[in-house]
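Required output: the full structure, derived from the provided sequences and hints.
Residue-level listing of the chains:
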Amino acid sequence: MAGKAWRSAILNLLRTWLSGKDKIKAQEVSWAVGAVKKGTPQARTFTRGIQTVTLIPGDGIGPEISTAVMKIFEAAEAPIQWEERNVTAIQGPGGKWMIPPDAKESMDRNKIGLKGPLKTPIAAGHPSMNLLLRKTFDLYANVRPCVSIEGYKTPYSDVNLVTIRENTEGEYSGIEHVIVDGVVQSIKLITEQASQRIADYAFEYARNNQRASVTAVHKANIMRMSDGLFLRKCREAAEKHKDVKFTEMYLDTVCLNMVQDPTQFDVLVMPNLYGDILSDLCAGLIGGLGVTPSGNIGANGVAIFESVHGTAPDIAGKDMANPTALLLSAVMMLRHMGLHGHAKKIEAACFDTIRDEKVRTKDLGGNSKCSEFTEAICQRVRDMQ
Amino acid sequence: MTFLTQNPTVTSLWEFLKNKDQIPQRVFTPPPARYGGRHTVTLIPGDGIGPELAHHVRELFRFCCVPVDFEVVNVDSSMASEDDINNAIMAIRRNGVALKGNIETNHNLPPSYKSRNSLLRTTLDLYANVMHCQSLPGVRTRHKNIDIMIIRENTEGEYSSLEHENVPGVVECLKIITKTKSLRIADYAFRAARATGRRRVTAVHKANIMKLADGLFLECCKEVASGYPEISFDSMIVDNTTMQLVSRPQQFDVMVMPNLYGNVVSNVCAGLVGGPGLVPGANYGEDYAVFETGTRNTGKSIANHNTANPTAMLLASCLLLDHVKLHAYASMIRRAILSTITETRLHTADLGGQGSTSEVVQSIMNAVQSTGPQTLSI
Chain V
1 MAGKAWRSAI LNLLRTWLSG KDKIKAQEVS WAVGAVKKGT PQARTFTRGI
51 QTVTLIPGDG IGPEISTAVM KIFEAAEAPI QWEERNVTAI QGPGGKWMIP
101 PDAKESMDRN KIGLKGPLKT PIAAGHPSMN LLLRKTFDLY ANVRPCVSIE
151 GYKTPYSDVN LVTIRENTEG EYSGIEHVIV DGVVQSIKLI TEQASQRIAD
201 YAFEYARNNQ RASVTAVHKA NIMRMSDGLF LRKCREAAEK HKDVKFTEMY
251 LDTVCLNMVQ DPTQFDVLVM PNLYGDILSD LCAGLIGGLG VTPSGNIGAN
301 GVAIFESVHG TAPDIAGKDM ANPTALLLSA VMMLRHMGLH GHAKKIEAAC
351 FDTIRDEKVR TKDLGGNSKC SEFTEAICQR VRDMQ
Chain R
1 MTFLTQNPTV TSLWEFLKNK DQIPQRVFTP PPARYGGRHT VTLIPGDGIG
51 PELAHHVREL FRFCCVPVDF EVVNVDSSMA SEDDINNAIM AIRRNGVALK
101 GNIETNHNLP PSYKSRNSLL RTTLDLYANV MHCQSLPGVR TRHKNIDIMI
151 IRENTEGEYS SLEHENVPGV VECLKIITKT KSLRIADYAF RAARATGRRR
201 VTAVHKANIM KLADGLFLEC CKEVASGYPE ISFDSMIVDN TTMQLVSRPQ
251 QFDVMVMPNL YGNVVSNVCA GLVGGPGLVP GANYGEDYAV FETGTRNTGK
301 SIANHNTANP TAMLLASCLL LDHVKLHAYA SMIRRAILST ITETRLHTAD
351 LGGQGSTSEV VQSIMNAVQS TGPQTLSI
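Keeping their order, the protein sequence lines are chains V and R. What the first sequence shows, in the UniProt record's numbering, is residues 1 to 385, in sequence order. What the second sequence shows, in the UniProt record's numbering, is residues 1 to 378, in sequence order.
No wet-lab data here; the hints were simulated from the structure. A few of these clues could be false.
[Claimed, not checked] Looking from chain V toward chain R, a few residues come up when the C-beta cut is under 8 Å (computed):
| no. | residue |
| --- | --- |
| 1 | Gly94 |
| 2 | Gly95 |
| 3 | Ser186 |
| 4 | Lys188 |
| 5 | Gln193 |
| 6 | Ile222 |
| 7 | Val259 |
| 8 | Asp276 |
| 9 | Ile277 |
| 10 | Gly288 |
Ideal Cβ placement from N, Cα and C applies to all residues, glycine included.
So, in C-alpha cells, the structure goes:
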C-alpha cells in the first residue's frame with residue numbers, strides 16, 4: 001500500500017466495526033493486517049530509531065568525500081546508519097550487464113541511497129554505470145536545485161532554480177544502429193507514460209517546495225511528434241495543478257535567456273538530453289559540479305542522492321577533494337527523509353565555512369586540504385548543538 | 001567509381017576524396033548572379049521582426065549605394081502547402097545568395113507540416129552554419145574578451161525530422177549521423193580555422209552516451225585533424241562545454257559540432273556576448289549561401305514596435321557583401337555599425353537602453369556619411 005494509505009485503511013476498518021452497520025469485508029481486514037505487518041517505506045521514517053542508508057562511495061575521490069560526509073553526519077549526531085556497497089558492473093547470466101546483487105538488495109531494503117562519482121568509459125566498453133543504476137531502480141526524475149552560494153562569487157548572482165530532468169528515456173535510450181557503413185542512427189524514445197510521470201512529479205515538487213512556476217523546455221518546432229507528446233503531457237499535468245503557473249519555452253530561448261538573466265527561471269522540466277545540458281549549464285552558473293547537489297527519485301519510494309562531478313583521478317588520494325557536492329546532496333537526502341533540523345544545521349555549517357573563506361579547498365580558491373575543510377565544518381556543527 | 005574497385009589501397013572515403021584528380025571534375029559551377037555589375041540577392045523577410053529589419057537593410061544599402069538588388073520572396077508560414085518555400089528555394093538557386101528572416105513554425109501543427117527554415121537548409125544542402133561570437137566594445141556583459149567561432153552541422157543529426165509512432169504512446173525520433181557529412185563539416189571547420197589564422201579546434205560531442213553516433217562524428221573530426229598539423233584539436237563533452245562557457249568562455253577558439261549541440265552552444269555564446277540582437281549567422285553550402293541572424297529568433301512579441309536591435313541583421317548583410325566580394329562596402333558598413341554600438345545612448349531595449357530601431361539605423365547612416373567618400377549627402 002502506498003504512502004500513508006495503511007493508516008486510513010485501518011481507520012476505515014475500525015469505523016465500520018464500531019458502527020456495526022455494514023458488513024466487514026474479509027478483504028479489507030487482510031489488507032489492514034498486511035499493511036500493519038509489512039510496514040511501509042514511509043512508516044520507517046517516522047520511527048525514532050536509526051535510519052539505514054546505502055552508501056556507494058564510488059571511484060577516484062569518491063571514498064575520501066564519503067568519509068568526509070560520514071564524519072560530518074557523526075558530528076551532527078544525525079540518526080543515519082551507513083551500509084557501504086560497491087556497484088561495479090558485472091556480467092550476469094545471458095551476457096546482460098547488471099549491478100551486483102548485494103547492492104541491489106541493500107537499496108531495495110533501505111530505499112534511500114547516497115552515491116559518490118562513478119567512472120564512465122568513452123565510446124565502447126561496458127555501459128555507463130550511472131545509466132545502469134537508473135535503469136535498475138527506475139530512477140525517473142533527476143532533480144538539481146541550483147542556488148547561488150554566498151561566499152563563492154560567480155559572475156551570476158541570485159540564481160535560484162530547479163531543473164527536473166526525465167532520467168530514463170529520451171536521447172539516452174542507448175538504442176543505436178549502424179544502418180550502412182558510414183551511416184549511424186540513434187533513436188530518441190519518448191513515451192506517454194514516462195512523460196506523464198515526470199510532468200506530474202515536476203508539479204508536485206513545485207507544490208511541495210513552494211515554487212511558483214514550472215517551465216517545460218522542448219524543441220517541438222523540429223521534433224514535432226516526440227517533443228509534442230512530452231509537451232501535451234506537461235499541459236495535461238498543468239491542468240491538474242492549477243495553483244502552479246505553467247509556461248513552455250524553446251530550448252534555444254532558454255539557453256539564451258539563462259546566460260543573460262537566470263533569475264527569471266523557477267522550475268524547469270524537460271526530457272533527458274536537454275536536461276543533461278541545461279542542468280550542467282545551471283551548475284556552471286553557481287560555481288560548477290563541485291558544489292551542486294543532485295537527487296534521483298524513482299518509483300516505489302526509492303531515492304538516490306549523488307554528487308554529479310567526475311571521479312577526478314588526478315587528485316584522488318591526495319586529500320585535495322571538495323566534499324561540498326556530496327554533502328549538499330546528503331542534506332537534500334535528509335530533507336527528503338523529513339529530518340529538516342539536522343539538514344538545516346549541516347547546510348548552515350557548510351555555507352558558513354565557505355563564506356568565512358579561511359578554510360577552502362583548492363577548487364573554491366583556497367589552499368586547505370579536504371580533511372581540514374571537513375574538520376572546520378564538524379567544529380561548526382558541534383558548536384551549533 | 002571504377003577508381004574505388006580497381007585500387008585496393010583506398011581504405012576510407014577520405015582517401016577517396018583526396019584523390020580527386022582520378023575522378024571526373026565537376027564541369028558545372030553556377031555563375032554568380034551579376035548583371036551589369038550589380039548583384040541580385042534573394043531577400044526572404046520572414047515573420048515577426050523580419051520584415052522591418054529587411055526594410056532597414058534595403059534602406060541602408062540604398063543610402064550607401066551598394067550595387068545589390070534584392071529579389072523579395074515572401075513565405076507565408078500559415079499556409080499548409082509548400083509552394084511558397086519552394087519558390088524561395090528556386091529564387092536562391094537562381095541567385096546563389098540570400099538574406100533571410102526567420103520563418104515561424106507553429107509547433108502545434110501536425111508533423112506533416114515541416115519547419116520551413118529546416119526545409120530550406122536541407123534542400124539547398126547548406127551544411128555549415130557559422131556563427132562568430134565576439135565581445136563588442138560598448139556592450140556590457142559578464143564575460144569579456146570572448147572570440148569564438150561556432151561551426152555547426154546544419155543538415156542532419158537530430159534535425160532529420162524522421163519520427164514515427166509504432167506503438168500508441170511511444171514515439172521514436174531518429175538522429176542520423178553520416179560519415180560523409182561529418183567529414184565535410186570537420187573539413188570545413190579546419191579550413192576556416194586555417195583561413196582565419198586560428199590555432200585550436202574543439203569538437204563538442206556526447207560520445208560517452210551516444211557511443212556510435214557521436215563516436216562516428218568524433219572519429220571523423222580526428223581523421224580530418226591529422227591533415228592540419230598546425231591546428232591543435234581537442235574534444236569536449238557538451239555538458240562540460242556549457243559549464244565551461246559560463247565560467248571561462250575565453251578558452252574556446254573554434255568549435256565544431258553536430259546540429260542540436262550547435263543550437264545550444266550557439267545560443268549560449270550569443271547570450272554571453274550580449275544577446276540575440278548582436279550576432280549574425282551564415283549558412284554555407286557547396287553552391288549557395290544564406291545569411292540571417294545567428295540565433296534565428298522570430299521576435300513575435302516585439303514585432304512592429306520599432307524596438308528590435310538591427311545590429312544582427314545588418315552585420316549579416318555585411319557578411320553577405322563579403323561573400324559576393326564587395327569588401328569595401330562591407331568594411332564601411334561594419335565600421336559604422338561598430339561605432340554606433342559604442343554609443344550606449346542608442347542601445348535598444350535588449351541591451352538595456354531606450355533607443356529605437358530607426359534611431360540606430362539613422363546613426364549608422366550618419367556614421368557612414370562622415371567616413372567614406374562614396375556616400376550621398378541626404
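Now for the hints, and whether the structure bears them out:
Evaluation of the V:Gly94 hint against chain R yields a violated restraint, the C-beta minimum of about 21 Å exceeding 8 Å. For V:Gly95, the shortest C-beta to C-beta distance to chain R is roughly 17 Å, which exceeds 8 Å, and the interface hint is violated. With a least beta-carbon distance of about 4 Å to chain R, the hint placing V:Ser186 at the interface is held under the 8 Å criterion. Of the supplied interface hints, the one on V:Lys188 holds, with its beta-carbon coming within about 4 Å of a beta-carbon of chain R, less than 8 Å.
Residue-level restraint check for V:Gln193 holds (minimum Cβ-Cβ distance to chain R is 7 Å; threshold 8 Å). Look at V:Ile222: its Cβ gets to within about 5 Å of chain R, closer than 8 Å, so that hint holds up. Nearest Cβ of chain R to the Cβ of V:Val259: about 4 Å, under the 8 Å cut. The hint holds. Because the smallest distance between the Cβ of V:Asp276 and any Cβ of chain R comes to about 5 Å, under 8 Å, the interface hint for this residue holds.
The restraint placing V:Ile277 at the interface with chain R holds, with a minimum CB-CB distance near 5 Å, inside the 8 Å limit. Because the beta carbon of V:Gly288 sits about 6 Å from the nearest beta carbon in chain R, less than 8 Å, this interface hint is met.
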